[in-house]
Structure formats: structure tokens, C-alpha cells
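Given the sequences, and given the hints that come with them, work out the whole structure.
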Amino acid sequence: MYQIKKDRLPELFAAMAGAQDLFLPIRKADQTNYGLWTEEVQVDLDTLKTVKSGKDCFFPQSETLYSCKNEDGKLSIDPAKLTDEPFVVFGMRACDVQGLKVLDNVFLNDPVDSFYGARREHGTVVAIACHEPEETCFCKVFGIDAANPASDVAAWFVGEDLYWKALTEKGERLTESVKELFTDGDDTAVEEEKKQIQAIIEKLPYSHLDLSRFTPERTMELFDSPLWEEMYKPCLACGTCTFVCPTCQCYDIKDFNTGSGVQRYRCWDSCMYSDFTMMAHGNMRTSQMQRFRQRFMHKLVYYPANNDGMFSCVGCGRCVSKCPASLNIVKVIKKLGGEA
Amino acid sequence: MGECTCGGNHKSDMLIPMIGVITDIRTETPDVKTFRIVGRDGKKLFEHMPGQCAMVSVPGVGEAMFSITSSPTNKEFQEFSIKRCGSLTDVLHGMNPGDEITVRGPYGNAFPVETALKGENLLFIAGGIGLAPLRSVINYVLDNRENYGTVEILYGSRSADDLVQLEEIQQVWCKTDGVDVYLTIDREQEGWDGHVGFVPSYLKEIGFTTDKKVLVCGPPIMIKFVLAGLTEMGFTKEQIYTTLELRMKCGIGKCGRCNIGSKYVCKDGPVFRFDEIDELPPEY
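Chains E and X are the protein sequences, given in the same order. Residues 444 to 783 in the working numbering are what the first sequence lists, from first letter to last. Residues 116 to 399 in the working numbering are what the second sequence lists, from first letter to last.
Please note: incorrect hints may appear among the correct ones.
Unchecked claim - Pair ranges (Cβ atoms, derived):
{"no.": "1", "chain 1": "E", "residue 1": "P529", "chain 2": "X", "residue 2": "E283", "range": "56 to 66 Å"}
{"no.": "2", "chain 1": "X", "residue 1": "M348", "chain 2": "E", "residue 2": "S730", "range": "33 to 43 Å"}
{"no.": "3", "chain 1": "X", "residue 1": "N211", "chain 2": "E", "residue 2": "S764", "range": "52 to 62 Å"}
To be verified - Some chain E residues flagged as far from chain X (calculated, every beta-carbon gap over 12 Å):
{"no.": "4", "residue": "K449"}
{"no.": "5", "residue": "A457"}
{"no.": "6", "residue": "G614"}
{"no.": "7", "residue": "P677"}
To be verified - No farther apart than 30 Å at their CA atoms in a straight line, the calculated lysine-lysine pairs in the BS3-like style are these:
{"no.": "8", "chain 1": "X", "residue 1": "K158", "chain 2": "E", "residue 2": "K697"}
{"no.": "9", "chain 1": "E", "residue 1": "K512", "chain 2": "X", "residue 2": "K158"}
{"no.": "10", "chain 1": "X", "residue 1": "K158", "chain 2": "E", "residue 2": "K524"}
{"no.": "11", "chain 1": "X", "residue 1": "K148", "chain 2": "E", "residue 2": "K697"}
{"no.": "12", "chain 1": "X", "residue 1": "K382", "chain 2": "E", "residue 2": "K697"}
{"no.": "13", "chain 1": "E", "residue 1": "K512", "chain 2": "X", "residue 2": "K198"}
{"no.": "14", "chain 1": "E", "residue 1": "K517", "chain 2": "X", "residue 2": "K190"}
{"no.": "15", "chain 1": "E", "residue 1": "K512", "chain 2": "X", "residue 2": "K148"}
{"no.": "16", "chain 1": "X", "residue 1": "K382", "chain 2": "E", "residue 2": "K544"}
{"no.": "17", "chain 1": "X", "residue 1": "K158", "chain 2": "E", "residue 2": "K517"}
{"no.": "18", "chain 1": "E", "residue 1": "K524", "chain 2": "E", "residue 2": "K613"}
Hints listed in this document are in silico derivations from the structure and should not be mistaken for laboratory results. Note that the structure is a prediction, hence the values are computed from the model and not measured. Note that CB positions come from ideal geometry on N, CA and C, so glycine has one too.
Structure (C-alpha cells):
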């Protein structure tokens, strides 16, 4: 365990950023999101939930896959360069770290998505324990411990100090590179902090949601539930829930004409949109109820069926606070799960 | 996948296509053309099995999944029968032999021609452009004739002009021993002295025996009534195979579009047995 005074964090950031790109939560235009650190940015480590999760450090909202040229009818394809330089993402929370594991099961399973794979290989994540989990948090439901973020490095803010503990080899390498800024830390303060965090979590309103009814065996029963018709109605199909979600992985592949060629890029997409499944011969999900149902069935039933019971929700609560129609997965879990 | 020659540091990704050259285009119907594709070296782009699909693209226009209509027994090229019905297919229909496109694949599973279908009597039921994936199986079966029993093909279309691969049907399939072909069109038409009527009703008129496996592909409404007809005739769902079509972007079970239940049609399909489909939410 190492320790550094909070007011020396700019030195720590400068040291890390000297050797590699450093992404961390930055306050800009009244929002906090992950961005590249420079001396000028306003680092914001107080905001518990960045608007978007740290997902786009590994699975960017938009990225070029390859460029294409057509010269006198001859095509050429130039694949985009894969990330081959190390980088650090500082400040992710335990829920978002688990979100990466959910994405890993999709992108790192055969055939591996090499764009994502290269970023996972070269990225080191420093995760911070949540000093004060909020009312919209329910990570505990998914077995995530916000007091012990399971990442390359786990960090805790206690009083005027940041405590730092490497948990993986990558974390140890990063620690080694900035070690001269640290002093040896004592576990006692951190252990006390963990207890306080866990005590807060225990009392959170959504910490004890019951997921026991969401099993693959109940797929058709849940799919056919009349409750969907009732639940989806306020949904505006804006897709906000999918864009702020740390586990949503659906993407589109599109072309951008640069004038001298074509860039084929992929970008986040949303199952909430009607053209997501639109084909020449029709659409398999013509109503918003069907699209709404797909999103939650995928998170709570289909994904777990393919991934040894791991849910594709991490309880970050972003959809709870961001949905303009006050819909969210908590309501779905409660309704379908048999609670009021 | 495609070997890149750019000298970059990347490893080739499944999403990076190969360059394909169109060597032949056949006009099948007013809105269907069959494209013959090879690599720049003049050789087949990849090996596939009947029922598999590939992503065909015109850079700057789009990329879409098409079933491979040629049989794997064809060692020279791949063929795609493509109906003109959107922006990409519009541009493809305007292309000429010698033009280049991109292709990646093959994707998905295949009809179990070497396992469950081997040694069996086979009944193929197709409607319109739905013949495209079945043609791959039919020609595979005909090229390995000794491995299969009787072959019956029921194929229908809106009009006589909309029957794809008509030349091959008449010149090859109809003339092969042990192969019976039944053609039908939806409405009476001058110059057509064959059967008139929808595929599902013709199916019942003919009244096939149930000692066979059935492979069905066509518009969803046709599939629905064919399935009902077959069930009425005593076929079980375990005897019937089809291939599903859903919107796809990646082809490798990651982009999420073709997800039904815990299955991804691009990866776990597109070929399913009907009892397997029965276990899925009805979203196809």
C-alpha cells in the first residue's frame, strides 16, 4: 500500500502522463467525462458518476476500422493502426471496471475484436473506491464491491490522502514508474474507509434488489410477460440509456466519405432505435415495446445465459438518473422480479 | 481474413475485408442478378459450406450480408444472387464485370450436409430469392449424389419472370436422375403452362411423404404457411430446417443486431432446425 497527499495529485498525473496517455474524469461544460489529461484540464474526481462510463477509453463512441481508396476502379484497403502504446485510465469505479469485464466476454471471445483487444492489452486501469455511493447505485446486487475495485490498481481517498495498491502485474509496472512520489501507506485507514463505504451501500434503497427470477429457464415466461406493455409506455426511444451504459456494446458500421476516399468506421448504436433491426424485407421489432423488451431481456436473461450467469448490468445507476422518462432497469427488475 | 499489405503494425481483424473482383453478372429476373466473385489473383476468396453467408460491400455505399448461392464444390468462384431492394444492392446492380468490391466471410453455420442430412431424402422448398441459399445445398447434394437419397425441389415465385436460376433448374436439375422439380407461380401468365398457385397450397396438392428432411427458405409469410402445411402432412419440426435473415453489421456475434434470445443469427445461425427456432422468442 502506498500513499500520496491529494494536493500532490497533479504531480502524479504529470508523471504518469509523461510516459503515456492518461485519461481521467474532466469537468467541461458542466459535465464530467473521461478525457486526455493536460495541465490545463479541470480534473474532477469528486463526481461519482461520469456522464459516460470509462467504456469509451476501450470501445470508443466512434472509431475508424479502415480506409478505402478507389483509384481507377482499383480498390485498396488500409486497416486502422491498432493501439500499440500503453495508456492509463485513472478514476474508474468498481461498477465501470466490471463493465469492462462484461465487454471482454463479447469482444475478447473468439473471434477477438483486435481493436478492443489492443486497447485492453495496453491500457492500465486505476480504479477508485466510491467514498460515498449514491442512492441510484446498486452495484452490490451484482456482487460488485465499490469499496474494493478489482482493477490493475485500486485507490482510496481517505481524508487528505490517496491510498494506492497495485493488484495486477500491469498495475505494479505503473506503480513502479511513479513510486518516488509515494510514501508507504498504512492499511488501517483504508480498512476503516472500506467499512464505512460498505455501511453506506448496505443502506442504499436498491442494494437488495432480487434477481433470482431472471434465469435462462424463464426466458419465454419473462419475454411473454404482459408487464412489458405497461412498462415501456413512457419510453421516448431516445437511446440515452444505451449511450451512458457501461455494458452496452451494440455497434453500427458506417462509411464516411472523406473526399479522397472512404473511412469505414464503427460507432455505438442503440437497440432502442427502430432502424437497428430494419431490413429490406421488414423489421423484426416494429414497436417500441419490443425494442424496450430486447434491451432488458438482453441484460438480464440472454447475456447471462451465454456468460455463466454474469449479468450485463453493473448497477452504476446512470440510466436511473439520465432517463428523461424516468424509466430504468431498476423498475424492470422490481416489476418482473415480482416486487410491487 | 484478408491479408493486408499496407505494412502497418496491425494484426488483421475479422472486420477487415478482402478485395473481390466481379467476373460475371447474370440477370436472373427484373430485380435479381447473380454476381460471380473471385480474388484479385483469380482464385476463390475462401472456402465455405452450404448455407453460410458473407459480407459484400461497395466502399462508400455500404456493406450487407448475403447468402453464398454457389456450392462449395465449385472450386473456382463464389456466387451471390442479389435482389435490388436498397442503396447497396442498387449500386451493385449497376456494376460491371471487372469492377471491384469488398468481401469478408464466410460467416455462420451451414446446413448439416455432412451430418444430419447425409443419406437422407431431401425436399427443398423455396420462394423467390429464397432459392439463393438453398441452391448452394442443392448443387452440393447433386455433386455428391451418392451420399443422398431422393431430391425434390418445390420452387415458386410471383411470376415466371421472377424465377431465379431458371436455366440451371431446367438444364441441370430437371435432367438429373432422382431429382424431381416442381415449379409454380402466383398468378396465371401468358406463356406459362406450369402450375399456378402459392407454394404452401402447391405443397399440399403434391402431398409429399414424410420420409425425408425438408429445407425451407423464402419470405417469412411463405415459411409460416409452409411450416403449417408440413406439420399437417405429418412432418415433425425436427425434420425441417430453414435459414433466418436478420439485419447484421459485424457477422461475428458482437454488434448485437441479429440477437434473438441468447442466439446471434450471424454466428449461431443462420441455419436453424424448426424445433430450435421454437425455443427462441418469436422475433424473426
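Check the structure against each numbered hint from earlier and tell me which ones fail, lowest number first. Failing hints: none at all.
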